[in-house]
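Undergrad: Each chain, written out:
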Amino acid sequence: EAGVAQSPRYKIIEKRQSVAFWCNPISGHATLYWYQQILGQGPKLLIQFQNNGVVDDSQLPKDRFSAERLKGVDSTLKIQPAKLEDSAVYLCASMGPLNTEAFFGQGTRLTVV
Amino acid sequence: GESVGLHLPTLSVQEGDNSIINCAYSNSASDYFIWYKQESGKGPQFIIDIRSNMDKRQGQRVTVLLNKTVKHLSLQIAATQPGDSAVYFCAENMYGQNFVFGPGTRLSVLP
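Residue numbers (our numbering), protein chains in the order written: chain A, 1 to 113; chain B, 1 to 111.
Among the hints, erroneous ones may be present.
What the hints assert, rightly or not - Only pairs whose alpha carbons sit at most 35 angstroms apart, straight line, appear in this in silico DSBU-like list of lysine-lysine: (1) B:LYS71 to A:LYS62; (2) A:LYS62 to B:LYS42; (3) A:LYS83 to B:LYS42; (4) B:LYS56 to A:LYS44; (5) B:LYS71 to A:LYS44; (6) B:LYS42 to A:LYS78; (7) B:LYS42 to A:LYS71; (8) A:LYS44 to B:LYS68; (9) B:LYS42 to A:LYS15; (10) B:LYS42 to A:LYS11.
To be verified - Sample of chain B residues lacking proximity to chain A, with all beta carbon distances greater than 10 angstroms (derived): (11) ALA29; (12) ASN53; (13) LYS56; (14) GLN81.
Derived by calculation from the structure, the hints in this document are not laboratory data. No experiment lies behind these values; they were computed from the predicted model shown. Beta carbons: idealized from backbone N, C-alpha and C, even for Gly.
Construct the complete structure from the given sequences, taking the supplied hints into account.
TA: Put into structure tokens, the structure is as follows:
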């Protein structure tokens, strides 16, 4: 079974630039999460999708972050404009219909300079 | 908001000894818990899970214990190996909601 795919693995941008991350979840997984993990901390939820609908985006900084999952499969997360404090690893995870075993991708390490 | 915390931020054990990593959770309504292992530069890797209707679950070399009375979760690793060195996170979940992670415990296996 293929895992959760994310790209790119690494990205370096200057502050005020924009960036986009892509995630392809495990086939058949309806639930998709985007998490932000700052160095030395646990992952923190940004947004949760169920199919193509948003379940929870209460912690998403909506003035600069946006995410979509238009066809209920893969998803993109965008930051515009980026700030220095956005430097982190952005993790995508998906969970299957039995609501067990959320699997994570390798993440995208973003550095804002 | 609700959060998951850990008692010990770092843990060093001798190779071959057993490791115990502890976690306190705050949401009594959480009904599903997962332990993840995260190695440097990688995403969290699922280790073992447990539902709130259980108090113990065993896997290969790992055991998770759940004490709902005191809202405490632990991960026991038997015969700890160098490859077990990583950061371990517990995460709590309510059905249909997101996973809330703690800050993590770094496990260091000494030769």
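Undergrad: Please go over all the hints and tell whether each is borne out by the structure.
TA: To see whether the hints hold, each was checked on the structure:
no.: 1; hint: B:LYS71 to A:LYS62; verdict: holds (33 angstroms)
no.: 2; hint: A:LYS62 to B:LYS42; verdict: holds (27 angstroms)
no.: 3; hint: A:LYS83 to B:LYS42; verdict: holds (24 angstroms)
no.: 4; hint: B:LYS56 to A:LYS44; verdict: holds (27 angstroms)
no.: 5; hint: B:LYS71 to A:LYS44; verdict: holds (21 angstroms)
no.: 6; hint: B:LYS42 to A:LYS78; verdict: holds (21 angstroms)
no.: 7; hint: B:LYS42 to A:LYS71; verdict: holds (27 angstroms)
no.: 8; hint: A:LYS44 to B:LYS68; verdict: holds (24 angstroms)
no.: 9; hint: B:LYS42 to A:LYS15; verdict: holds (25 angstroms)
no.: 10; hint: B:LYS42 to A:LYS11; verdict: holds (15 angstroms)
no.: 11; hint: ALA29; verdict: holds (15 angstroms)
no.: 12; hint: ASN53; verdict: holds (13 angstroms)
no.: 13; hint: LYS56; verdict: holds (17 angstroms)
no.: 14; hint: GLN81; verdict: holds (22 angstroms)
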